[in-house]
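**Q** Listed in order, the protein sequences are those of chains B and A. Taken in order, the first sequence gives residues 345 to 537; the numbers are from the working numbering. Taken in order, the second sequence gives residues 345 to 537; the numbers are from the working numbering.
These are computed hints drawn from the structure, not numbers from a lab. Some hints here could point you the wrong way.
Pairs count within a copy or across copies, as identical chains cannot be separated in the list.
Said to hold, decoys possible - Derived BS3-like pairs: lysine-lysine, alpha-carbon spacing no greater than 27 angstroms straight-line:
id, residue 1, residue 2
1, K353, K396
2, K497, K476
3, K353, K438
4, K395, K375
5, K466, K505
6, K367, K396
7, K375, K505
8, K500, K476
9, K375, K438
10, K396, K375
11, K367, K438
12, K421, K375
13, K367, K500
14, K505, K396
From a predicted model like this one, the values you see are computed outputs, not experimental measurements.
Number of protein chains: 2
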Amino acid sequence: MRQPESIEKLINRFTRLGGVGYKTAQRYAYKIVEMSDEEAAEFVGAINDVKKNVRYCDECGGFSETPVCDICRLRDKSVVCVVAQPKDVAAVEKCSFHGVYHVLHGTLSPLDGRGADDIRIKQLLKRLDGVKEVIIATNPDVEGEATAMYIAKLLKPLGVKVTRPAQGISMGSDIEYADEVTLSRAIDMRTEL
Amino acid sequence: MRQPESIEKLINRFTRLGGVGYKTAQRYAYKIVEMSDEEAAEFVGAINDVKKNVRYCDECGGFSETPVCDICRLRDKSVVCVVAQPKDVAAVEKCSFHGVYHVLHGTLSPLDGRGADDIRIKQLLKRLDGVKEVIIATNPDVEGEATAMYIAKLLKPLGVKVTRPAQGISMGSDIEYADEVTLSRAIDMRTEL
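Excised from the complex, chain B in its bound form (with noise of 0.2 angstroms):
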């Protein structure tokens, strides 16, 4: 017999989140189950939040609860770091960047019709009064470098200095685990000590 069809389907919910099987999401139902009503109000309370207030900022195109992000409102504009995901820019957030973001909402991808029009790319071109640097933080992958050699093409006449982050080996890392790739880009772009 199954269990209560409530928790069927709050279990296949939380299997929709993405890499959560049916265990993990089973333990998740029963963790919402044993919740009290308070802490399970406040639970649906802040993905009604979440959806509610969150919505993408009007010139970078990052998360924002306001129609600019306060990244854009009160940051330095002269460097401004693509990313492809809005998501991305939390990541970059971790690390001592203190320009501003654009995020391109996708890579240009031909295989799944993808093209320049499809990304936030005339955005950027509208963006670029006073700004000195881009670093087009792109993934290293064979999408996110052609997106990013697109944009360095159409940036570079402009005047505008465009950058990539490093590729090389992960710091932590051992080289005999490092796949030839990214040991082969790492050795050509040595660096003097």
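Mind docking chain A on chain B? Use the hints.
**A** Okay, now just chain A, sitting in the frame of chain B:
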């Protein structure tokens, strides 16, 4: 600069589901942000439904959406499987058990000040009419064993057969890696082929 506060709050809520670290909670929260409003509403609805509909069965103490659960209403009451927590019912349900359950809602634990009156032992004694066998499926740890012993001592004088699931080496595991207590128990309880 931090990400929008409502996202931070939702991440914090997800970390309370147990066994969810910050990075995982962040992943779930971003998934919620990127969900359609309808999908998020259904997720919220599933949580609300669980809180509204799920209660404990008046007879067995397991999860139910009705005063008496389907298992208690429809199944053979001559065999009762005693478990510590409502969620243990779902685990036993995966086996070919066709009797009913009795959920103790805890185990005896003198150290935590939990005695026989704090778990549903009295309610078990009231359900013994027509019961031929009680299987005590509490965990094979100190508290679970003590609870099983205690209940067995109460039930045996009443002429009820009291059993406990066999303990031994897990299926598919390796004798080499079995801990010594488990292996000793498995050898003590060896069966003839």
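**Q** From the Cα coordinates, with 27 angstroms as the cut-off, is the pair K396 and K375 best called within, between, both, or neither?
**A** Result: close both inside a copy and across copies, 25 angstroms intra and 15 angstroms inter.
**Q** Could you figure out if K395 and K375 sit no more than 27 angstroms apart (CA to CA) within one copy, between two copies, both or neither?
**A** both (23 angstroms within a copy, 11 angstroms between copies)
**Q** Please work out whether the CA atoms of K375 and K505 approach to 27 angstroms or closer within one copy, between two copies, in both situations, or in neither?
**A** The answer is neither: 52 angstroms in one copy and 34 angstroms across copies each exceed 27 angstroms.
**Q** Check K367 against K438 for me: Cα-Cα at most 27 angstroms, and say if that holds within a copy, between copies, both or neither.
**A** between (32 angstroms within a copy, 13 angstroms between copies)
**Q** Reference check for the pair K421 and K375, CA-CA at most 27 angstroms: within, between, both, or neither?
**A** neither (45 angstroms within a copy, 29 angstroms between copies)
**Q** Under a CA distance limit of 27 angstroms, which applies to K367 and K396: within one copy, between copies, both, or neither?
**A** between (30 angstroms within a copy, 23 angstroms between copies)
**Q** Should K500 paired with K476 be assigned to within, between, both, or neither, using CA atoms and 27 angstroms as the limit?
**A** Cα proximity of K500 and K476: one copy only (11 angstroms, versus 85 angstroms across).
**Q** For the identical chains here, do K353 and K438 meet the 27 angstroms Cα criterion within one copy, between copies, both, or neither?
**A** Intra 37 angstroms, inter 18 angstroms, cutoff 27 angstroms: inter-copy only.
**Q** Measure nothing new, just compare the shortest in-copy and cross-copy C-alpha distances for K466 and K505 to 27 angstroms and report within, between, both or neither.
**A** within (18 angstroms within a copy, 78 angstroms between copies)
**Q** Between copies, within a copy, both or neither: which fits K497 and K476 at Cα up to 27 angstroms?
**A** within (16 angstroms within a copy, 82 angstroms between copies)
**Q** With identical chains treated as interchangeable, where does the CA-CA distance between K375 and K438 reach 27 angstroms or less: within a copy, between copies, both, or neither?
**A** between (31 angstroms within a copy, 20 angstroms between copies)
**Q** With identical chains treated as interchangeable, where does the CA-CA distance between K505 and K396 reach 27 angstroms or less: within a copy, between copies, both, or neither?
**A** For K505 and K396, neither the intra-copy (38 angstroms) nor the inter-copy (58 angstroms) Cα distance is at most 27 angstroms.
Of the numbered hints given earlier, the model fails hints 7, 12, 13 and 14; all others are met.
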